[in-house]
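Protein chains: 8
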Amino acid sequence: MLDDVLEQVRSGALSVAEAKARLAAFEDLGFAKVDHQRSKRQGFPEIVYGEGKTADHIISIACALQARGSSVLVTRVNKEKAETVLRACPDYSYHETARVLYWKKEQMPADDSQGQGYVAVIAAGTSDLRVAEEAAVTAEVLGSTVHRIYDVGVAGIHRLLSHLEEIQQASVSVVVAGMEGALPSVVGGLVSHPVIAVPTSVGYGAHFQGLSALLTMLNSCASGISVVNIDNGFGGGYNAALIHQLVHRGGTRT
Amino acid sequence: MLDDVLEQVRSGALSVAEAKARLAAFEDLGFAKVDHQRSKRQGFPEIVYGEGKTADHIISIACALQARGSSVLVTRVNKEKAETVLRACPDYSYHETARVLYWKKEQMPADDSQGQGYVAVIAAGTSDLRVAEEAAVTAEVLGSTVHRIYDVGVAGIHRLLSHLEEIQQASVSVVVAGMEGALPSVVGGLVSHPVIAVPTSVGYGAHFQGLSALLTMLNSCASGISVVNIDNGFGGGYNAALIHQLVHRGGTRT
Amino acid sequence: MLDDVLEQVRSGALSVAEAKARLAAFEDLGFAKVDHQRSKRQGFPEIVYGEGKTADHIISIACALQARGSSVLVTRVNKEKAETVLRACPDYSYHETARVLYWKKEQMPADDSQGQGYVAVIAAGTSDLRVAEEAAVTAEVLGSTVHRIYDVGVAGIHRLLSHLEEIQQASVSVVVAGMEGALPSVVGGLVSHPVIAVPTSVGYGAHFQGLSALLTMLNSCASGISVVNIDNGFGGGYNAALIHQLVHRGGTRT
Amino acid sequence: MLDDVLEQVRSGALSVAEAKARLAAFEDLGFAKVDHQRSKRQGFPEIVYGEGKTADHIISIACALQARGSSVLVTRVNKEKAETVLRACPDYSYHETARVLYWKKEQMPADDSQGQGYVAVIAAGTSDLRVAEEAAVTAEVLGSTVHRIYDVGVAGIHRLLSHLEEIQQASVSVVVAGMEGALPSVVGGLVSHPVIAVPTSVGYGAHFQGLSALLTMLNSCASGISVVNIDNGFGGGYNAALIHQLVHRGGTRT
Amino acid sequence: MLDDVLEQVRSGALSVAEAKARLAAFEDLGFAKVDHQRSKRQGFPEIVYGEGKTADHIISIACALQARGSSVLVTRVNKEKAETVLRACPDYSYHETARVLYWKKEQMPADDSQGQGYVAVIAAGTSDLRVAEEAAVTAEVLGSTVHRIYDVGVAGIHRLLSHLEEIQQASVSVVVAGMEGALPSVVGGLVSHPVIAVPTSVGYGAHFQGLSALLTMLNSCASGISVVNIDNGFGGGYNAALIHQLVHRGGTRT
Amino acid sequence: MLDDVLEQVRSGALSVAEAKARLAAFEDLGFAKVDHQRSKRQGFPEIVYGEGKTADHIISIACALQARGSSVLVTRVNKEKAETVLRACPDYSYHETARVLYWKKEQMPADDSQGQGYVAVIAAGTSDLRVAEEAAVTAEVLGSTVHRIYDVGVAGIHRLLSHLEEIQQASVSVVVAGMEGALPSVVGGLVSHPVIAVPTSVGYGAHFQGLSALLTMLNSCASGISVVNIDNGFGGGYNAALIHQLVHRGGTRT
Amino acid sequence: MLDDVLEQVRSGALSVAEAKARLAAFEDLGFAKVDHQRSKRQGFPEIVYGEGKTADHIISIACALQARGSSVLVTRVNKEKAETVLRACPDYSYHETARVLYWKKEQMPADDSQGQGYVAVIAAGTSDLRVAEEAAVTAEVLGSTVHRIYDVGVAGIHRLLSHLEEIQQASVSVVVAGMEGALPSVVGGLVSHPVIAVPTSVGYGAHFQGLSALLTMLNSCASGISVVNIDNGFGGGYNAALIHQLVHRGGTRT
Amino acid sequence: MLDDVLEQVRSGALSVAEAKARLAAFEDLGFAKVDHQRSKRQGFPEIVYGEGKTADHIISIACALQARGSSVLVTRVNKEKAETVLRACPDYSYHETARVLYWKKEQMPADDSQGQGYVAVIAAGTSDLRVAEEAAVTAEVLGSTVHRIYDVGVAGIHRLLSHLEEIQQASVSVVVAGMEGALPSVVGGLVSHPVIAVPTSVGYGAHFQGLSALLTMLNSCASGISVVNIDNGFGGGYNAALIHQLVHRGGTRT
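Protein chains in written order, with the UniProt record's numbering: chain A, 1 to 254; chain B, 1 to 254; chain C, 1 to 254; chain D, 1 to 254; chain E, 1 to 254; chain F, 1 to 254; chain G, 1 to 254; chain H, 1 to 254.
So that you can see chain A by itself, here it is in the shape it has in the complex:
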């Protein structure tokens, strides 16, 4: 892009002031500068981290973005805030377990009948569902088909094995686990696609709010596993969707 801008400055197509503005490329909403260019750059919806923001902040950001046609994903929105936002922005949808609020121009993908493959979101226990759903809904809003495979923790390995083919045929897996966090290692040994491991803070005593599961996953002896932050379902889903779409739409995008 630098080449382009410099070239246009040279040719006079762009003034110095315009060139500087082109590089800046954002506008000021007063309390937060929203980067519109980034949305275009990545072909993905605009992501807004909702925790710690008031409903009013979310509404003004959401409206500004929707107005210029970007899809939007707002994470970590509790039910009460979500209802306030939905009254102001009725086109948005809310997923309560995932605590995610979103607006998409096109429909969400329903299945992978078009041969586009899918993301497997695999969760160890029922108490990991909030994080798993955050991953799953994130990947869906970002355009991927998702297969959910839940309650398949390693202490009952037959439950996992009964889903073996469905897991192996995914393009990428997001594996969510709290407690001892061992599930990604087992899955990683069974598949040949990338595994994004998401430790959760579900655990007791010496679990230390997810530290135990996090260390387990970082130390996995299976190859092909990378890890995101504790309870970061969004990160798991985002990484998976990024990989999935590169694979199925092809090539590099900048």
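Partner residues aside, some chain G positions facing chain D, computed with beta carbon under 8 Å:
| id | residue |
| --- | --- |
| 1 | D3 |
| 2 | L6 |
| 3 | E7 |
| 4 | V9 |
| 5 | R10 |
| 6 | V16 |
| 7 | A19 |
No lab work stands behind these hints, which were simulated from the structure alone.
The C-beta atom is built at its ideal place from N, Cα and C for all residues, glycine as well.
Assemble the complex: chain A is given as a structure, and chains B, C, D, E, F, G and H must be docked to it using the hints.
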């Protein structure tokens, strides 16, 4: 595969004993059971973790695998052990900085002129090179083209920006950093492809052998970043090659 | 000072009892001994740490200090306590985001048109604003002009670079960041003045209430950075004002 | 025992001095008081922790104990020290991988053909063998039959499953694992007997010398698992032998 | 079991679909897959972890299990939830201190007059009672006789010694302690049966929510001690019952 | 600078290729890109971190920099390496306690008779001298006058107080302490200039390689203290020189 | 004592049953066994830890102890519980800041005019008062005279020095400090009597609930300092009173 | 002392310069300022921390101190350094296990026949002896009689109890333990004198170089225990001697 085996048992094509054997699918070298099926399953060379193994152990594993035609990658082999192994297995190659020993049936890829894209391996400082080279050579042995972009730490941001286009056009980046470990966050904000972050144990005082860099990367506010263990250059290169090849060879493999 | 006191004792200008009293130099309000000499010694307002003190405690300290003409800065005062104090001490002002209550004899500085330079307070994200404002208001009450440069986190490096000149022309920077805490490293590489880094407890999962950002800043590979405690906006502003005023008013003061 | 002693004092069968001596029940070798009564109390060999003791110390303890007919198990003895001890105490045996030196009156058990059951010692990787062998040899010296099942880490779950029946038919399992330490959870979900988990310090980066594996095992979601200290193969073998013999010799002993 | 299934497939007694189903062996209640086979496999009641589950979830799981005749133990149920469940499932019993809800087909054991031995549950302080009772009630519901020996902390060693015979004659001990967690070491030196140590989070200051007691127990210099997670009274009771019943009912079960 | 470059592109004074090159502004020595512009930007010598670099690497960097007239400071160079470098670069000087190698165009400052003020480097114990000297020599090479005040730990407060005037009249203090690290708090309460605190790894037992001293300094209740990494004497000296020179040479530089 | 009992058994003065009872020496209140002998053994009031006990529990223990004439000290009792207890046990007194409830047969000591010396309780800041008062009141209830010296933190060293003689003439000091916890080191360097250091959890950010102050005190370079747990004012006061009374009442007591 | 000095200044008996000098009160040996006044102030030998000092440094300090008649205790001196020092300072003695070098004007105390009481130094295991001897020899050099009671760890409680009377009749105990560190709690419950607890770094796996034992001791539920740093035998002996001598020589000294 379970369906196939059960079906063949039903039809009499497979005896009960054969069916059990088929599921087991590995052989015993005495001290370590090498999983031949896995090599086929993943389309990748066989990986051997060299640290803590004697040269003799490495030689017997290496010969067994080469004999049946698998490509082989042995990590964490110091120069002295490598020389002993090379005398016994003269077809193998050794990369000293990366401490990696390997044997490939086909040639390593030289460039991406065939439009297959490439993996960018980006390193913050000169002391991160061992880990960065482990990542780079791993990705190459696994069949990817690699572009190395080194010495571009965040304290001199203009150095990173001067490589911006090369970084943005990669299919996937491996970003290696010790000290404060901030480089993946900056790279993650500049690209739209997946970033694999590798913290290194390079640092002083309150660095705690890489813990500081690891935490930085897990807490990155940029999307699209996932993390592997401290100094795990192999893991970074493996994940990158896995993603790169899915993208450029297409689709899902099991 | 010791010389002076001893000399006056020798000359008889001071009795032994007076000499002892002179060294003691504080009075007792019953629950806390306020050091008036220190206020004179440093040329700065009296600092009161408000957290854990009742509104009544704050009022009695505030009155005692104002009565003898010291400027006063009370930190960590929530809105409710502040309103009670303001009813009793109507000359005080309150800054809600910064949670700071203060009284100044002279006006606060408005701009740096007199060529006195300014302190740059730079913050990574909108959730770091409480801490950033505590730093900014502290520096202002202490007599410095402050430029606020907010929402310029490293994951969108172009936002920071668009403020480059304003940052480089400051006399000293306070850089406030949570999450991965990488902003001070990038700023430190771009300026030639001292950088005071303030980690915040804003983060999730493996952030450990600011420990991750703190370690990042301590391990920065940029020179010229020093660090204060997590969320210690006051400390950041105080250090910056101390440096700024030495620079612009000149010389050493004891 | 208190009743007995008091009763004998009352009846005059024991003098006060003898009674005191009876309660003390140990003798002084100068540098360490060896508790002979304990050996009898537990029906087990005398255990000597060899680390940090010189060969000469070990020889004098070993001779004293052998002289009065106790079986003896000396742990953490390196090869060099062992050879010195063996020259002085030729009846002792040494197991190099387990670093264990022992003397038994009776033969070690060879197999479980007498229907006495066995202890399964299960290890994840080849680098866990030292710890696993310490567990196995300890259990054998203590009188149990041991089945060794090695190199069955969770990243290749089929290898573990191929030993399923052998594992399920044990009386008790010792499961040894480093890296992510997930193996005990998987084994715990497959068996109905007690599992003693032994974390090892085998790992890299964020493994923290076994802390990661230890936390994994403490947080296991499988029931029936308890944990000993990092690399404490002796503790694993001792606990297993204790349980195994209670089961197969029956009842309570004091 | 694999042999059986394969053999029946071979013989035609089982179709391929039936064989697959047999291996799966669980049913889907919608939000959690309950493993009925496991209950049969282990001869123990079905265990449900109640924390984080709503009363309604517990009721539906509890009914499904009771309907097919499994005994059931639901842990970590507070009084309010328990009362709701008891109204829906009137056959269940609730133990308030232990926070345990259960249903048993047969009566709970009252004493060990049949010579079946007993589990000793030993607790250091009155504040450890919740955890100790969770262990005791768990062992009872699982079919063991329990002797409770409470308030015998190491700072008053005579209190422990006054129970010496009762402790030594148990088949297995569960030792529960917070604060410095030293009790298992002392007990372990006095008995010849296995000791399951349970650290509690009872403590202050540098206790770090049980970490101090946990480390103490892992580092015990007494042999025959293994450890479960902090506050995991259930784990202590479960392990003890498992060992106790193997000893007194004899042999191996799969 | 961006304005200038764009303006020259516009006017044709600079080609697009030249403009790109101007922004890059560094040259490649093969293994490390040395940033010449930075040296000019900061008015300070070029800093080279010597640890982990071979004598040959240091020699080639040192020569390249000296050749273009930059002063150079190489830190963490042990005596052996230093002697090799000095044979190749005879103009360099070496300070053994500080482990610093440097070359300055002008003389080092000898005293502050010109009224330029000075940096006080204050150290608690004799074992903190390596770090204190690294700070002192760094500040001197960077052009500041330094007063060394050593062996004034808080356990003998009279030793510190006997230097009170010398400390109070400095422009900035660097306070170096290991053990409990309390010295900066006491100094911070006695002066009105900025204090840079440097924790050292000197300590025993629960000192954890400097963590204890680091935490002490971050938690100081004195205002005006900021902290650098453990053992980072260079950082302490650099920050102090930066502040000192701003104060005494005046104003802002970019 | 063992000699005595055995001797009396021998002479028939004591039956076997009586001898066993004599060793046991405690009675059972149902929920907690109160050790009356210990009270006599130590010449101190009975200590009851109030936290986590209901008012009813405290009342029944308090009555039982008062009934047999022991002085009683109940720590960590909040105001609400205290008022309930005081209604039932009107002879008790309550100290609100110290959260201590007590009953003494004799009067509390008022001053040290009888030349019995005193305990100095020294506190750094006003927010450490709760802990300091717990120490002071504990020492008083245990029979010591206490001098309180508060608000003398190290950042204003003159405040401490103005109390120097009063501190130096104490028999033992309890030094209470949060934040950086440096006060005991300074006091330890000024006195020749034992110093009991009490870290408090008062602090922010990287204080980690008192860990920072605890480490500071453990690492003190002053001799003659020992440390109790974080916020353990009771422990500080108890140790001080124990030492104080040995010194001033003389000799050893068992 | 301040009064005296001021009074003499007033009366002309002391010049201002002399008064300043009097407050300073130490002399400069070049590399370390030795505080002679402190030796007199505390009535104890001068303490020199030997670790990290060369034999030459120790010799010059030792000579200077001996020359003016102070007793001297040099800790942490290995055998090699000690022999060098002994050749230069032949009046000194060396204790190899304790690693302590000392010179005393008077004889060391041999026994407590004069009714002066004694310090009990109690150690858990043979591997704690280095630390225990450092404590014992320190207390002896400082003038106390010491009784050594070794190898009485809590896992064999009868060994401790067999020394009960000797322990109870001491004036103060130093209790040294590694591993789980439980011994001070048990001792603390048996005696009515102060207990100084010394954790050692002796342990394995999750012992973390003494952290486990340290936490155990800080969390002890026995009253009357205070703690010094890990392996700080000197601190244990010093505190004990300080208390012992106050008790047996009486009163307060400043």
